[in-house]
Amino acid sequence: MAGTDSTSEPAVPQARKSIVGYRPNGGRPNPLPQLTIKGRWLEQWGFIIGQPVSIIVGQGQLIIRLTEE
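The sequence shown maps to residues 1 to 69 in the working numbering.
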């Protein structure tokens, strides 16, 4: 249990790095690009297992938002 003088600091946004890979497709040509995002930091920002998200796609960017569906 936290003491009376302790404070919980809000999480500070950080840039995360990843690499676009590909989904294995049995050696067929033109594999599909794939991006996997994982880590406990997702929970810190409200992304919990089973939570629906929406992905907004723009040139060179993806915006991922929680949805209430």
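Rather than coming from a laboratory, the hints here were simulated on the basis of the structure. Glycine is no exception: its CB is placed at the ideal position from the N, C-alpha and C atoms. It is possible that some hints are incorrect.
Pairwise CB distance ranges, derived in the manner of DEER restraints [claimed, not checked]:
1. 36 / 67: 19 to 27 Å
2. 65 / 20: 36 to 44 Å
3. 59 / 22: 35 to 43 Å
4. 29 / 65: 29 to 37 Å
5. 65 / 28: 17 to 25 Å
Right, here's what the structure says about each hint:
1. 36 / 67: 19 to 27 Å: holds (20 Å)
2. 65 / 20: 36 to 44 Å: violated (20 Å)
3. 59 / 22: 35 to 43 Å: Given range 35 to 43 Å: violated, Cβ gap about 21 Å.
4. 29 / 65: 29 to 37 Å: Between residue 29 and residue 65, where Cβ atoms are some 34 Å apart, the hint holds.
5. 65 / 28: 17 to 25 Å: violated (33 Å)
Hint check: violations occur at hints 2, 3, 5; the rest are consistent with the structure.
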